[in-house]
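Trainee: Sequence:
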Amino acid sequence: FDEPAFRQLVEWQIGNGSSALVPCGTTGEASTLSNAEHHRVIEVCIEQAAGRVPVIAGCGSNDTMNAALHMNFSAKCGAKAALVVAPYYNRPSQAGLLAHFSYLAENCDLPIVVYNVPGRTVTDLKPETVCELARRYPDKIVGIKDASGDLSRVTDHRMGIGKQFCQLSGDDELALPANAAGAVGCISVTANVAPRGMHELCAAAMMGQVAQAVAINNRLLPLHNKLFVEPNPVPVKWAMQQMGLIPDGLRLPLVPLGNAC
Numbered sequence: 014f015d016e017p018a019f020r021q022l023v024e025w026q027i028g029n030g031s032s033a034l035v036p037c038g039t040t041g042e043a044s045t046l047s048n049a050e051h052h053r054v055i056e057v058c059i060e061q062a063a064g065r066v067p068v069i070a071g072c073g074s075n076d077t078m079n080a081a082l083h084m085n086f087s088a089k090c091g092a093k094a095a096l097v098v099a100p101y102y103n104r105p106s107q108a109g110l111l112a113h114f115s116y117l118a119e120n121c122d123l124p125i126v127v128y129n130v131p132g133r134t135v136t137d138l139k140p141e142t143v144c145e146l147a148r149r150y151p152d153k154i155v156g157i158k159d160a161s162g163d164l165s166r167v168t169d170h171r172m173g174i175g176k177q178f179c180q181l182s183g184d185d186e187l188a189l190p191a192n193a194a195g196a197v198g199c200i201s202v203t204a205n206v207a208p209r210g211m212h213e214l215c216a217a218a219m220m221g222q223v224a225q226a227v228a229i230n231n232r233l234l235p236l237h238n239k240l241f242v243e244p245n246p247v248p249v250k251w252a253m254q255q256m257g258l259i260p261d262g263l264r265l266p267l268v269p270l271g272n273a274c
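What the sequence shown shows, in the working numbering, is residues 14 to 274, in sequence order.
Check each hint, because a few of them may be wrong.
Unchecked claim - Cross-link-like lysine-lysine pairs, in silico, PhoX-like; alpha carbons within 25 Å at most:
hint : residue 1 : residue 2
1    : K89       : K153
2    : K176      : K153
3    : K93       : K176
4    : K176      : K139
5    : K153      : K139
6    : K89       : K139
To be verified - Here are the in silico distance ranges between beta carbons for each label pair:
hint : residue 1 : residue 2 : range
7    : P269      : D122      : 32 to 42 Å
8    : G109      : G271      : 15 to 25 Å
9    : K89       : A224      : 20 to 30 Å
10   : A49       : A193      : 41 to 51 Å
11   : D122      : G64       : 12 to 22 Å
12   : T45       : G221      : 36 to 46 Å
13   : A49       : E141      : 36 to 46 Å
14   : A33       : G221      : 14 to 24 Å
15   : V242      : G175      : 31 to 41 Å
16   : E119      : E141      : 14 to 24 Å
Rather than coming from a laboratory, the hints here were simulated on the basis of the structure. Even for Gly, the Cβ is constructed at its ideal location relative to N, Cα and C.
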């Protein structure tokens, strides 16, 4: 963990308009970190942000008890919420997902932004399950990062829960239509290299400035596409290294961007 480079990255993100920070997500290679490293990254992010923007700590795990460990640590450090991905590899049923998030809501202090990304976890957190969780725990299940690719779910969640539920796009290329449908931002891959552009896109969309939002989105779309020529975070870390934001390096099983790209 390159702490000095990470601290500089936090400063760069805040200086370029990012409204919140999400350490230990997919792009942060959370799945390759030891628990000690995972916790240190969250701790440093909160310390460096110093209250200027909220920190939503990546706390997901395929193990419910480990997710609880991450959440309790993050709460003590001052995180404002936890991003909790649906448990991967285990392929729990909807009843299993309900039990997983219910346990976390009942045994941890942090509000939870559930994270649905079936392309990585295989498990799909269905709208009816999300709505039931929000109904049971309105003060704990407060939002969703949705990367299902199904824009109709923005409406499903809004109609099933209400406008107070914070919906965030998990797909950069769908951030514009998601915000138009009622989402309120994006937890973004592209924002790691173009934070100002993503901030302006989401702000324009939420303010109803359609023409401006479309123009920004058109400018960013080629970048969105390039950042997924190989699995995230391989392309984005290459781009960040080229920009001088971070040193070169990935952890196995990730390998450097292929020559064909």
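Trainee: Flag every earlier hint the structure violates by its number, smallest first.
Mentor: Violated: hints 6, 8, 9.
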